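S.K.: Chains as they are written, first to last, in this note's numbering: chain A, 4 to 453; chain B, 57 to 211; chain C, 668 to 1390.
If you're looking for bench data, these hints aren't it; they were derived computationally from the structure. Treat each hint with caution, since some may be false.
Derived pair list, reagent style SDA-like, types lysine to any residue, alpha-carbon separation capped at 20 Å [what the hints assert, rightly or not]:
#1 C/LYS1059 - B/TYR61
#2 A/LYS189 - B/PRO72
#3 C/LYS1067 - A/TYR206
#4 C/LYS730 - A/ILE389
#5 C/LYS1331 - B/PRO72
#6 C/LYS1059 - C/ARG1333
#7 A/LYS255 - A/ARG329
#8 C/LYS730 - A/ARG329
#9 A/LYS130 - A/THR81
Derived list of chain C stretches under chain A, where covered just means 3 residues or more per stretch with a C-beta under 8 Å from a C-beta of chain A [what the hints assert, rightly or not]:
#10 728-738
#11 843-851
#12 1037-1043
Every value quoted in this text rests on a predicted model; they were computed, and no experiment measured them. Using N, Cα and C, we set each Cβ at its ideal position, and we do this for glycine too.
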Amino acid sequence: MAETTVRVAEQPALVLAGYVGEPLRDLEAYRAVGGYAQLEKARSEDPAAVIQQVIESNLRGRGGAFFPTGRKASFIPTPDKIARPIYITVNADESEPGTFKDREIMLKVPHRLVEGCLIAAHAIRSKQIYIYIRGEYLEEYESLQGAVDQARAAGILDTVDIVIHRGAGAYICGEETALLESLEGKRGQPRSKPPFPAISGVYASPTLINNVESITTIPAVLAVGPAEYAQIGAPPDSTGTRLFCLSGNVEKPGVYEAPHGITVRHLIDGIGGGVPGGHTLKAVMMGGSSFPVMTPDDLDTPLDADSLGAKGYFIGSGVVTVIDERSCIVQFALRVAQFYMHESCGKCTPCRVGTRWLVQLLRAVENGTAAERDLELTLDVCDRIIGKCLCVLGDSAAMPVASCVTKFRDEFREHLAHGGCPFGADSQLAGLFAPVDQHAHTTVPQEASV
Amino acid sequence: MTTFYDEVQAIRARYPERSRSAVLPALRLAQEKHGWLSRQALEEVAGALDLTPAYCYSVASFYDMFQLEPAGRHTIEVCTNVCCGLVNAQAVLEAFERELGVGPGETTADGEVTLRAVECLGGCSTPTIVAVDHVYRQSVTPEDAPAIVAELADG
Amino acid sequence: MSTPELVRVRVDEREVHVPKGTGLIETALAAGIEIPVFCYEPRLGDPIGACRMCLVEVEGMPKLQAGCTLTAQDGMAVKTARSSQQAAEGQNATLEFILVNHPLDCPVCDKGGECPLQDLTFRYGPGNTRMSFEKLTFEKPIPISPTISLDRERCILCYRCTRFSSDVSEDGQLVAANRGAMSVITTFEDLPYSGAFTGNVTELCPVGALLPTQYRFEGRPWEIVDVPTVCGLCPVGCNVNATVREGKVKRILSRNHPEVDEGWICDKGRFAFTHLRAEDRLTQPLQRVRRHGLEEVSWDAAVDEAERLLREARGRIVTVLSGSETVEQAYALAKLLRVGLDSHQAMLPEEVSGALDAYRLPLSAIRDADVVVVLGDVPVVERAPVVDLWIKSARRRGAKIVHDAGDEAAAEAERVVLVWSGPGGRGGATVAKLAEKLALAGREGCGAFYLPETPNGRGVADAWAACCDEEGEPVESIGLLVVSGDEAAADDNVRALAEQADATIVISMYGGLSAGWADLLLPGTSYLERDGTFVNLEGRLQRLRRTVVAPCPDELEWISQLAARFDVDVAPYAAAVFGEISERVYGGLAFGEVGERAPLRGYPEAPEDVGSQALPATEPKARRGEIRLVVYKPLFSGAAVERVTELQFQRPQPELELSAEDAKRRKIGTGDLVTVGSNGSAITLPARVNRQLRAGIARVALEHANGLGGIVEVAKAEAEVRA
């Protein structure tokens, strides 16, 4: 049973700085590689100056939205402007299929996350930090709790409190307002925005929400200096390094820190050793399962937001999942759609209804009971979901499905012509069971089949 | 001995007054105690938090990790999302089905093991990820299934 | 209050000026443009933007926006589906999605014809369906209580009902379960949705998912007529519509009076109407015949007999009123008895005082208060249910709710409202004194309420007092007791009086209440069958309408007939009777001017104390360590409720509520059996610890009190130990 490969693939080492195979879970070990020095430095500075440095570095959110981290912090009102506590919430609900980097941060360099949190707390003058970690992450929770406890014992928290709040199995809680609802002890259904969390977040108070990797990068930003950081990667917009999540049909999958701007091909072939067994790459789940799939002709696209964006892709949470020719793309689209149907919170109509409808349509294609007009209908249903939902989950279901139908239309048509899947049982994804078909929460009698 | 009620009050103290933030931790605690969130378990949680059982049920039913039906003493959770699926997750799931004689979502007749398929567990580079009693096993193959099941039977 | 800033908003081609922050739905309405909605309902709190029916295009925003979540900002330009292709497509998409799973059972759906989903589909929806797969199916309908049916297939998950349950009534019983497409509305396990306000969800539901079971297959929208009236079952006087088909009341709906009820009514007001058709309803007069008991007689004979009894007892007649008579009935009776028969003595089941007239304000002012002082130990919801919703609304808006008029918060706050919720309170005189102490008179948003036990006690007392200036001598021995109304007829104290009287006339809807002791029983009518006026606990004069014809003559009709025999002129029509009393009490207001949504008018001459003699009530004070038992009349009780099978589940459990302090001292926990005793008699009940209750107070519903009251001993029952 192999361990996950986690390493710095291309210099500089920022998020994983100091990590060379042994997890830096011990406070002293972390201190030995310069840990908490940036916190000490930041605390000696004016909070506004700290925010300014993050703004200058142009660090952007690593959770998927790529929003400028420093600017987000600058939206938080200062305590003299508001008579409520100011909160920091760290999004450690890593659940995007293909994403496994935050988990490795919490396992390998948990103290750096704590340090980042405390720097952010100083910058926005917050005294309370909640780290919302997905419920399935047990070892990660223990590792992180250990780091927090050590920091507390060493007096590093000072007047700041950190509470690690465990989720309970709901992808949607990675959406920031759903996370807040869940943290407040409710069903994790996203809120309508505005108000934005910076003004009214958790407990109706100003709240800064950041992804684990974003926060963990802050000490690195301060360490190299904002100007220097802004030169790394693919400036001006995609600065710095990030932890790419390489998985699927690839020789050496793993979490690789590398600067923005390396190409997809370099990540897969150069760092990842290419597709194994003489197979050929068919598609890439780029950014996560929530985004359009990448076709082989785009493999030379640099992994930065602008280059990807120009071709209709998203960098997302740094996911690159390789799919080789042995997999049926309809099965892929179906399994992705099933995931979103399962994870739709049920609050808004287009997502709740549309995700189920997409599953029904794709299943009909896969079974060969669909007709050409169903492909058009599938695209239209996607179109009717995109941009009309309360949060981005609906779009996340519709974008990959629509991209599959559009980019692999011939394969879809083959299903129609063939009266079923041309791969038969040979596709790697054949018959893949989805949790949505499991009667997990059906104490109320109902028809669950789709 | 601290009672469930007291434990919940201690959790409550971590969060602002009058917030409901202790609901998830309290439900987890109750599930650990009862094995699943029975009617009685939900009523206990509600009582300890001054909420209605309906509210607690509503919240619990939203999250996959809460069991609203009797569950086994052990759980085997197989990731069947895309990344693991590309590297044979379905075969791993089927191996466990054969080994346990139950389908996904079901519990063995002796009430020992619940088998479930789950969405991405975030271990995509070491497929297939199988969480055995919530502890991840990485790079699990169909051939590993008998040993894992045997391990639970011994434990 | 400062005038809010006006902002300019363009909606489609029209421009409007509205106060900044006005909701976009309302802003568009001000421009005469409808933005269709399902989940949006401002009475439920902040908008949630769930249904996506209200998608609009907003200048400067790339994506369509849920209009309901936006507020008017200066210079905002909005395009609705009328002028934006994108918005029209968005709405069309939403409707298509909603209809994907919605069954096409409109022909057999009670909501059909008055269904927002039907209407909006008609106006904005797709003409055909592209959904060729199986719809989600559920077992249907499911009774979520004896009064409400749930059809999950029709549910469009707008979350109005669950928001009502969590954010308005705060009962937390009706919830959403599961996630995504599998989401359903449910209660906990097999428990019925119970509480004072559950029925409101049937009106909030924009489809036929939550429906009143009583109305199932009872009428089509084109066969019914909604008659506007006022509920007569409690002193709030919620404005309601009675849905009538073929001369029968089929359903009660709210009729939103924003100052009184905000469109919420309680389940008693909503579901108890079937008492009109109760099997034991009296339709013919009954007369006691020696050795034969009560025998049916003709109305002519009954009026003759009444005349005889009245004549015989002239000057020695005592009248007991229920406080549920209309102002006109009470006045007519008063004129007959006081002017015609020189019998001035009347009793009400409770004291009525005019002392609060200086502190009047609409109930909606509670919502806007900074501090609400709730006094008394009878639960507000049991006496005047909707007042409880106003108090909850105030708390949600940040008001402090305190239970001591001496609380510092009350002295410091700007807007203070007092609410007295019995027992005692001298008809409001006590709370008026407290209001005076806090100098609330004339202060904006400040005032006081007294929650009486009777729906129209004030109106009845006013009418009785205003009819005649003479006072008369107290009656030494009762020649004739005239008992008006079912509440009085059901009162044990009244029965005791009847036993002292030479003869008794009872006006009652149900014979059983007084069959043992009445000499002449005259069938009475219900508030749903009367024309007239009521005065609610705010002092608001409101109009009752005859929604259906009673199965017996109207009271005014035979009182008028009887009065004529004593040379007293009483008109048989409410309008005329009202005109007469209005000259004396309501400043000459004409019957037609009372209003469909009546304003809160001042009394031209507020009488100092309009109270007539009240029935005896003793309220001994508890000393330290003692427990005083508060016995309250539950909301779900009384002659009407007793006759509605489907409301029985709402009646209070046999239990004794104890304060946390008293329970702890006696080592009693919720569910433990306790004995409650005084003067040698005792009852055993399960206890329930209520953290809201003051120490020294225990509480029990009247029907479980077994006559106990005052200072009691409470102890854990012995049997419990063995069990």
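S.K.: State for each hint whether it applies.
M.R.: Hints versus structure:
no.: 1; hint: C/LYS1059 - B/TYR61; result: violated, 28 Å
no.: 2; hint: A/LYS189 - B/PRO72; result: holds, 15 Å
no.: 3; hint: C/LYS1067 - A/TYR206; result: holds, 19 Å
no.: 4; hint: C/LYS730 - A/ILE389; result: holds, 10 Å
no.: 5; hint: C/LYS1331 - B/PRO72; result: violated, 27 Å
no.: 6; hint: C/LYS1059 - C/ARG1333; result: violated, 32 Å
no.: 7; hint: A/LYS255 - A/ARG329; result: holds, 18 Å
no.: 8; hint: C/LYS730 - A/ARG329; result: violated, 38 Å
no.: 9; hint: A/LYS130 - A/THR81; result: holds, 13 Å
no.: 10; hint: 728-738; result: holds (count 4)
no.: 11; hint: 843-851; result: holds (count 9)
no.: 12; hint: 1037-1043; result: violated (count 0)
Against the hints set out earlier in the document, violations occur for numbers 1, 5, 6, 8, 12.
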